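These protein sequence lines map, in sequence, to chains X and S. Oh and the first sequence: position 83 is 83 in the working numbering, straight run, nothing missing. With the second sequence counted from 1, adding 364 to any position gets you the working numbering.
Treat the hints as calculated values from the structure; they're not laboratory data. Keep in mind that the hints are not guaranteed to be accurate.
As the list claims (entries may be wrong) - Derived BS3-like pairs: lysine-lysine, alpha-carbon spacing no greater than 27 Å straight-line:
1) K327/X with K464/S
2) K296/X with K660/S
3) K443/S with K314/X
4) K202/X with K125/X
5) K124/X with K163/X
6) K660/S with K24/X
7) K79/X with K404/S
8) K443/S with K327/X
9) K102/X with K619/S
10) K623/S with K79/X
11) K623/S with K90/X
To be verified - Covered by chain X, according to a simulated footprint, are these stretches of chain S (three or more residues, beta-carbon under 8 Å):
12) 398-412
13) 452-466
14) 611-621
15) 636-644
What the hints assert, rightly or not - Residues from chain X that keep clear of chain S, each with C-beta distances beyond 10 Å, as calculated:
16) L80
17) K202
18) K227
19) E302
20) N340
21) N342
Predicted, not measured: the structure shown is a model, and the values here were computed from it. Positions of the beta carbon are idealized from the N, C-alpha and C atoms, including for glycine.
Next come the chains, spelled out residue by residue.
There are 2 protein chains.
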Amino acid sequence: MIIKCNKDNLINGLNIAQRATTSKSSNEIFECILIEATDKIILYASDNELAIKTEIDGEILNLGKFAINARLILDTIRKLPNELITITLKEKNIEITCKKSKITLFYINPDEFTFFNAFDKNNKKVFKQKHLKHLILKTIFSTSINENNKILTGELLTINNNKLKLTAMDGYRIALATVENNDNYEDVEIILPKKILYELSKLLSDDESKEIIMYNTYQQIIFEFEKTTIISRLISGEYFNINKLINNDYDIKIKVNNKEFQDAINRALIVTISTEQTPIILDITDNFTIYTNTTKGNVIEELDIIEKTGENIKIAFNPNYLLEALKVIDDEEITMYLTNENSPVFIKDDIESYFYIILPVKTR
Amino acid sequence: MIIKCNKDNLINGLNIAQRATTSKSSNEIFECILIEATDKIILYASDNELAIKTEIDGEILNLGKFAINARLILDTIRKLPNELITITLKEKNIEITCKKSKITLFYINPDEFTFFNAFDKNNKKVFKQKHLKHLILKTIFSTSINENNKILTGELLTINNNKLKLTAMDGYRIALATVENNDNYEDVEIILPKKILYELSKLLSDDESKEIIMYNTYQQIIFEFEKTTIISRLISGEYFNINKLINNDYDIKIKVNNKEFQDAINRALIVTISTEQTPIILDITDNFTIYTNTTKGNVIEELDIIEKTGENIKIAFNPNYLLEALKVIDDEEITMYLTNENSPVFIKDDIESYFYIILPVKTR
């Protein structure tokens, strides 16, 4: 195998493929990228749950394939000059030449590489990359980190009534984000692992014109975009039915400036003690006061009320749960819907493009 | 005590003072900044080896002083809006108010603060900040990290023949940097701890017009610049006499491009194994070849020779020692002076504004 590529193409491709490698496994093949020259130059990596395949431009002088540690090859290529790079597969090693540099590295047997079984590309659906990316960013922080309930470590992807929706929940809060999709696809309800969603959020573009194709079976999901294919196993099981939690019953509605609310919560965090999970208290009367009180000191913040209907309320929350939701809302003003001190807050816009449900904290 | 300052002044002052705090001590007062309002607002911090005092602009409504954890007060002030901040000393705590925020923090008894004894400000000398800063940056990496030989953990500062010079050495290499100083000061030879040099390199300006004043006794050194005073104990003892190591005897002189040399060494590092301290070999004939060979692979680099006199030589070095020196040399081309494979390399310019001596590594 002999291939010639320019540095930028090679770096871009390796950066994409290495997202499917993992250093957490004892199997060194999961840290590797397979580089294969057939009629195209393909980079492939897989950690047995997620797989990424991406194609790069270059000249193929001789066919072949090898596997190599992703960090080693990336480190090597990054340090080369911005010129044409030649990679030659020899009997026991690969030789990388570029201008006056000649670097010889040992490769790993490509036959150890395990590929996912290909499945028929059924159920084709097309979305805007930007839409999927933003649904992920608006919800992924609410997935559970507790591996005991595998389902909650992933997100529910649903297609229903021309709407594409992602749902994440961890037992203390729920995040939902929805976008209109013009095409009329049949209903879908699948649970995607957090890892593929995270990697997609990094790989997808904000460019309005760029699309992504999705195929799925009961066990697997495939996304294709540009020269890249990303495949993941799905999480099996049934997701919680949260429809009964989502209602429009509320007694109190209050609108504030999003940035000012975040700044005030951030200051309340000054005196919180991370090991004690100190809550912050929202005290809403004619004024909106946020306060917290610990052995480190106390913070009192006054927030301007833009609009308020309903009774007064005093309710406590984990400040980080509020902040994580507020941070991903692009709206300048946010509206909270409350019922009583033991019921969750709803933070949502009028068209419910985002919908956050956060349980309050009991104080004494 | 009541003071009013704008946020930027307060942040700048706290950032300077916190450089003398340390979290490595069990004494919490070393993590604190003392804030004192007399006729000025003074911030003070000290870790018992180094002390920094800095003055900030602001309005003093009431005199007083308190001490507070540096990270806590910095974190608090940073999170406030960019407006006038009022700090009020109460009986048991301090109250920080700014717009609609009121933050109360517990302070630490300022009487626990230990100050350095003031000494007479003798032996006044004035340098350009830029000069001192660059002498430090050109040498500090060659100080020893071995605390068993305290002297080598610091740097020798000498003034002699209107020249200001810093010397650092760690047993494997020596770094010297010299700058002309027009004033006619008496000779000085003192050993400064690395910490004050490091903090000065961060605090001093590159501005040609800015000056720094130095005072010293046998035990202490004081630097004054702008509104800041930085004081350190000196290291006692006698520094090694390196004059006999610095000579102009050499058999081989070779000039190469600095950037290309660094790039080639960086690529040689791809296959080095950090635990084995793999050397790189410079093989200089009519060609200049750099190579290294390990169980990870091998790298061969060809370097263009700009100028060469003398015999051929093959000599091995710790690649990091070469790189650390080359990185701080601003010259586009560097010249190496060599004698034989067991003698050190000299890297210096014609006026010896920098002079690096690096011992070779024995290979087998």
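Distance restraint between K124/X and K163/X, which requires alpha-carbon spacing of 27 Å or less: Status holds; Cα separation ~16 Å.
Distal placement of E302/X relative to chain S, Cβ over 10 Å: About 4 Å separates E302/X from the closest Cβ of chain S, which leaves it inside 10 Å; violated.
Verdict on chain X covering the region 398-412 of chain S, criterion of 3 CB contacts below 8 Å: This one is violated; 0 residues, fewer than the three required, reach chain X with a Cβ under 8 Å.
Given pair status - K314/X, K443/S, alpha carbons within 27 Å: Cα-Cα ~25 Å, so holds.
Non-interface label on K227/X, tested against every C-beta of chain S at 10 Å: At roughly 27 Å from the nearest Cβ of chain S, K227/X sits farther out than 10 Å, so the non-interface label holds.
K660/S paired with K24/X [C-alpha distance capped at 27 Å]: holds, 21 Å
Status of L80/X, Cβ more than 10 Å from any chain S Cβ: violated, 7 Å
Assertion that K202/X lies outside the chain S interface [Cβ separation over 10 Å]: Holds, because the least Cβ-Cβ distance between K202/X and chain S comes to about 26 Å, which exceeds 10 Å.
Hinted pair K79/X and K404/S, Cα distance within 27 Å: violated, 53 Å
Satisfaction of hint between K464/S and K327/X, Cα-Cα up to 27 Å: This hinted pair holds, its Cα atoms lying about 21 Å apart.
Pair hint K443/S and K327/X, alpha-carbon separation not exceeding 27 Å: Holds, at roughly 16 Å.
Hinted pair K623/S and K79/X, Cα distance within 27 Å: Given that 27 Å is the threshold and the Cα spacing comes to 13 Å, the pair holds.
The earlier numbered hints that this structure contradicts are 2, 7, 11, 12, 14, 15, 16 and 19.
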